[in-house]
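K.L.:
Using the sequences and the hints, build the whole thing.
There are 2 protein chains.
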Amino acid sequence: MFESAELGHKIDKDTFKIEVPKLRAELLDVQDDVLQKKEFPVVILISGVDGSGKGETINLLYSWMDPRHISTLAFSAPSDEERSRPYMWRYWRALPPKGKVGIFAGSWYSHPIADRIAGNMRRLEMDQQLDDINRFEAMLVNEGALVLKFWFHLSKEGQKTRLKALEKDPRTAWRVTKQSYERLKTYDKLQEVAGHVLRVSNTAHAPWIIIEGTDDEYRSLTVGRIVLDAMRKRLAQQQRPQVPVAPPLVHAIDQKNVLNELDLTQHLAKKDYERELAKYQGRLSELVRDPRFTENHSLVLVFEGSDAAGKGGSIRRVGGAMDARQYQIVPIAAPTEEERAQPYLWRFWRHMPRTGRATIFDRSWYGRVLVERVEGFCAEADWLRAYAEINDFEHQLVAAGAVVVKFWLQISADEQLRRFKEREDTEFKRFKITDEDWRNREKWDEYVSAVCDMVDRTSTGLAPWTLVEANDKNFARVKVLKTVCDRLEAALKIDSNGK
Amino acid sequence: MFESAELGHKIDKDTFKIEVPKLRAELLDVQDDVLQKKEFPVVILISGVDGSGKGETINLLYSWMDPRHISTLAFSAPSDEERSRPYMWRYWRALPPKGKVGIFAGSWYSHPIADRIAGNMRRLEMDQQLDDINRFEAMLVNEGALVLKFWFHLSKEGQKTRLKALEKDPRTAWRVTKQSYERLKTYDKLQEVAGHVLRVSNTAHAPWIIIEGTDDEYRSLTVGRIVLDAMRKRLAQQQRPQVPVAPPLVHAIDQKNVLNELDLTQHLAKKDYERELAKYQGRLSELVRDPRFTENHSLVLVFEGSDAAGKGGSIRRVGGAMDARQYQIVPIAAPTEEERAQPYLWRFWRHMPRTGRATIFDRSWYGRVLVERVEGFCAEADWLRAYAEINDFEHQLVAAGAVVVKFWLQISADEQLRRFKEREDTEFKRFKITDEDWRNREKWDEYVSAVCDMVDRTSTGLAPWTLVEANDKNFARVKVLKTVCDRLEAALKIDSNGK
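Chains A and B, in that order, are what the protein sequence lines are.
Position 254 (the first sequence) corresponds to 281 in the numbering used here; numbering is contiguous.
Position 57 (the second sequence) corresponds to 84 in the numbering used here; numbering is contiguous.
Hints in this document: simulated from the structure, not taken from any laboratory.
It is possible that part of the hints are untrue.
The calculated EDC-like cross-link candidates involving lysine to aspartate or glutamate, where the alpha carbons are at most 16 Å apart (straight line), are [unchecked claim]:
1) A:Lys-283 x B:Glu-407
2) A:Lys-500 x A:Asp-441
3) A:Lys-470 x A:Asp-334
4) A:Lys-187 x A:Asp-299
5) B:Lys-125 x B:Glu-366
6) A:Lys-127 x A:Asp-196
7) B:Lys-283 x A:Asp-242
8) B:Lys-40 x B:Asp-243
9) A:Lys-306 x A:Asp-513
10) B:Lys-125 x B:Glu-194
11) A:Lys-44 x B:Asp-299
12) B:Lys-283 x B:Asp-472
13) B:Lys-44 x A:Asp-513
14) B:Lys-205 x B:Glu-219
15) A:Lys-40 x B:Asp-281
16) B:Lys-260 x A:Asp-299
17) B:Lys-520 x B:Asp-317
18) A:Lys-283 x B:Glu-170
19) A:Lys-260 x B:Glu-407
20) B:Lys-40 x A:Glu-244
21) B:Lys-191 x B:Asp-243
22) A:Lys-283 x B:Asp-350
23) B:Lys-183 x B:Asp-154
24) B:Lys-37 x A:Glu-288
25) A:Lys-283 x B:Glu-209
26) A:Lys-37 x B:Glu-288
27) A:Lys-125 x A:Glu-170
28) B:Lys-283 x A:Glu-33
29) A:Lys-283 x B:Glu-244
30) B:Lys-37 x A:Asp-281
31) A:Lys-37 x B:Asp-281
32) B:Lys-283 x A:Glu-30
33) B:Lys-283 x A:Glu-244
34) B:Lys-283 x A:Asp-39
35) A:Lys-187 x A:Glu-170
36) B:Lys-459 x B:Asp-472
37) A:Lys-500 x A:Asp-299
P.N.:
If you want it as structure tokens, here you go:
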């Protein structure tokens, strides 16, 4: 794996001086094309052994390209903010939008490698994290990103030589610390761990590019050329390749499905409703103030449902039980320009609550497999692969302590018609009904198919769907509140038993 | 995940009787199209809870389709043969060729699930196995296979009811055993484990299809329809989708590479050669008879190299140190018709040695990224994804105890020319030189690129490449033998230290 990077690659300084101006001009040119087209982001990972020239190379890329459209992201120990969220959250936040270049100095690979070398992580744990990383990178590439993963390598001797050279030069001596020499001692261990990590994550869509770091000119010119060549090839790509996906399934031959089997006649009388509402709001209010929640968990609520099914009303009843400083409601409409320039899950990652907090999504990432599918806003292959991506995403939330509760509020077609008309007839409700609602209604059956597929493929043990019979608003609101309480209690009890 | 499969799906017997003849005719039709076109195999996995009708459904598919072109593969405890090979070996062997249907009753999922329920496998271990499975299925799909994974589900009540019904009927009572009732006790545990397994392996290219198993007619007709529909859609597919792959890299700007840095002037005088040959042949002979080898390891040797580089001669020297009953030489030429109907790795899996044995490959699976790449016998995306697939494949071999030693024998262009001419001039060597050899020689530079990429991407810690300077045959043969001995010793020592 590292054989080619131990050959003593080198180019002389004269050649370098001749080549650089040409390369710079070409890089600027192609960077501008990427920026104008805004079709894909360029994600560059710079990793490797200490003293192999990672920092210098990044600085050179800055000086060679237009720095206004590059961001460099260095990650050291996670901040408080970051620690209380899923491992990948900090990297998600930092992704460059389409058209821009993001350089990750130290990346999602840094921690698994460092933890493994320090003996803080078992191999199986690391392999699991690498599997998560592979899935994440596959998603990035499937969303169109150009991902370039560089690993700068030095032979053991090469590393010693470079450290000494850095030390000698007064301009760079400050960069050599005790830690640098410490790392020399773990060279063999690093090579072993890195060899394994690179093998497992050397995927066809995002392979590692191993560069010998010894000679500054060779390393810099090579990286520049590879970045140039990769951006050019990506720009020249006629169409985005799509992963093979299995086609959607035919529907149940007996026409039974999870929606039409719901008993929508269920209801709750006003008096019962008020009693139950008070009871569960009280319970919820206690649960979210319980230290077992505030110290270990967060709450992620997802509300999806037919138009006019009463999502807003249910959300207000849940919110009513919490302190406004503890939760945030995120209404999801069409994505903004900034959001469209990112993978579709990015705009949700932004809003993930930290430990002890709640986020309530009024519509969510499920738009991908609902409205985007039905309206044809994305290709079939895109929404078909979204199920697995969403499961991975929610699983990461749960792994980081989130309690994920997902509601689908279902009303009958008749009830929807009644509510639409009522809205049109009521002055203060008129803003709630649009032409789009009427158009969606015509696609009722297509939405039913989409919802059933969604439940089949994304109702998982850790993040199940709760289908809510919502013809009666009282019944629906209490079922929502009770479910939130039950799920929270289950999560907290599990903790208190130490399981 | 199982919600849709607990609705009490059912169709009446009359509908069934009307529908089946139509379905059968259509299934036979489409099966024949698949057979005639020979473009892809159909891989059907039937898994699920006990008593959910797995066996009945398989029998029905047999009666509905042409059984001459279906194979059913039931796997119980692994045989001796199987136990001494990698976990996936038994499934590889059983893959249906293009044009045929293979039904797996109990599949590569059975063992992880059973072991996990029985408490014999930790979750991280299972996740790692699932990751291997996901990669394996991705490879199958990328190679063109239609993969249908059925999971037959019963609610807890449904399972009891079905067991009682089976017991009552004298024709089926024999199928209900004590074990069946035992399994009822582990129902909840199975659901939990299966839920996790299904989530993790619910990939876009091979998603799970969950079927309620309670009603025979519903279950059978549904499976039949889904198989029919999937085969039709696959036949209608205009072109095979290709996974997104990163383009190949530009080459080292200083023109240094692992091949041209070899010192091909190295040689060994006849006397030294004879002494060294005897020494290492003796060492090898002892090593392969060592119980630490015969009981725990197998030996997989791969010989690749330029034409006329002396692979045959080296192989004979290695073979000469072993008992002919202990090893097998597998010369790889163009694939046979049978082999072309399988994923490209299939023909190598067939020959994997059992514990205590050796297989010597004279050319190998690396043909994919060498001759097939250079000659354009496969698409760019195919050979680009092969690197990771080959690494996975070799890693499975190593995980099962194989010592994998890979040689690239390199000669200079001049030396090759000399040997070609010598072959043409020598009566008994003339058969060794063909027009193809001369044609390959014209592509020397392209082969150099392919070899360098191959070493960069597939020389891993567990299965590194050894590049052999082969201008001098004596030197090359001794280096090969010594390397085999060193690698074997390292493997045996590691074991004897209990690491």
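K.L.:
Hint by hint, say whether it matches the structure.
P.N.:
Results of checking the hints against the structure:
| no. | hint | verdict |
| --- | --- | --- |
| 1 | A:Lys-283 x B:Glu-407 | 46 Å, violated |
| 2 | A:Lys-500 x A:Asp-441 | 15 Å, holds |
| 3 | A:Lys-470 x A:Asp-334 | 12 Å, holds |
| 4 | A:Lys-187 x A:Asp-299 | 77 Å, violated |
| 5 | B:Lys-125 x B:Glu-366 | 10 Å, holds |
| 6 | A:Lys-127 x A:Asp-196 | 35 Å, violated |
| 7 | B:Lys-283 x A:Asp-242 | 13 Å, holds |
| 8 | B:Lys-40 x B:Asp-243 | 10 Å, holds |
| 9 | A:Lys-306 x A:Asp-513 | 13 Å, holds |
| 10 | B:Lys-125 x B:Glu-194 | 40 Å, violated |
| 11 | A:Lys-44 x B:Asp-299 | 50 Å, violated |
| 12 | B:Lys-283 x B:Asp-472 | 13 Å, holds |
| 13 | B:Lys-44 x A:Asp-513 | 46 Å, violated |
| 14 | B:Lys-205 x B:Glu-219 | 23 Å, violated |
| 15 | A:Lys-40 x B:Asp-281 | 12 Å, holds |
| 16 | B:Lys-260 x A:Asp-299 | 53 Å, violated |
| 17 | B:Lys-520 x B:Asp-317 | 11 Å, holds |
| 18 | A:Lys-283 x B:Glu-170 | 36 Å, violated |
| 19 | A:Lys-260 x B:Glu-407 | 14 Å, holds |
| 20 | B:Lys-40 x A:Glu-244 | 78 Å, violated |
| 21 | B:Lys-191 x B:Asp-243 | 15 Å, holds |
| 22 | A:Lys-283 x B:Asp-350 | 66 Å, violated |
| 23 | B:Lys-183 x B:Asp-154 | 26 Å, violated |
| 24 | B:Lys-37 x A:Glu-288 | 13 Å, holds |
| 25 | A:Lys-283 x B:Glu-209 | 32 Å, violated |
| 26 | A:Lys-37 x B:Glu-288 | 13 Å, holds |
| 27 | A:Lys-125 x A:Glu-170 | 10 Å, holds |
| 28 | B:Lys-283 x A:Glu-33 | 10 Å, holds |
| 29 | A:Lys-283 x B:Glu-244 | 15 Å, holds |
| 30 | B:Lys-37 x A:Asp-281 | 6 Å, holds |
| 31 | A:Lys-37 x B:Asp-281 | 6 Å, holds |
| 32 | B:Lys-283 x A:Glu-30 | 12 Å, holds |
| 33 | B:Lys-283 x A:Glu-244 | 15 Å, holds |
| 34 | B:Lys-283 x A:Asp-39 | 14 Å, holds |
| 35 | A:Lys-187 x A:Glu-170 | 41 Å, violated |
| 36 | B:Lys-459 x B:Asp-472 | 22 Å, violated |
| 37 | A:Lys-500 x A:Asp-299 | 13 Å, holds |
The structure fails hints 1, 4, 6, 10, 11, 13, 14, 16, 18, 20, 22, 23, 25, 35 and 36 (numbered hints given earlier, in ascending order).
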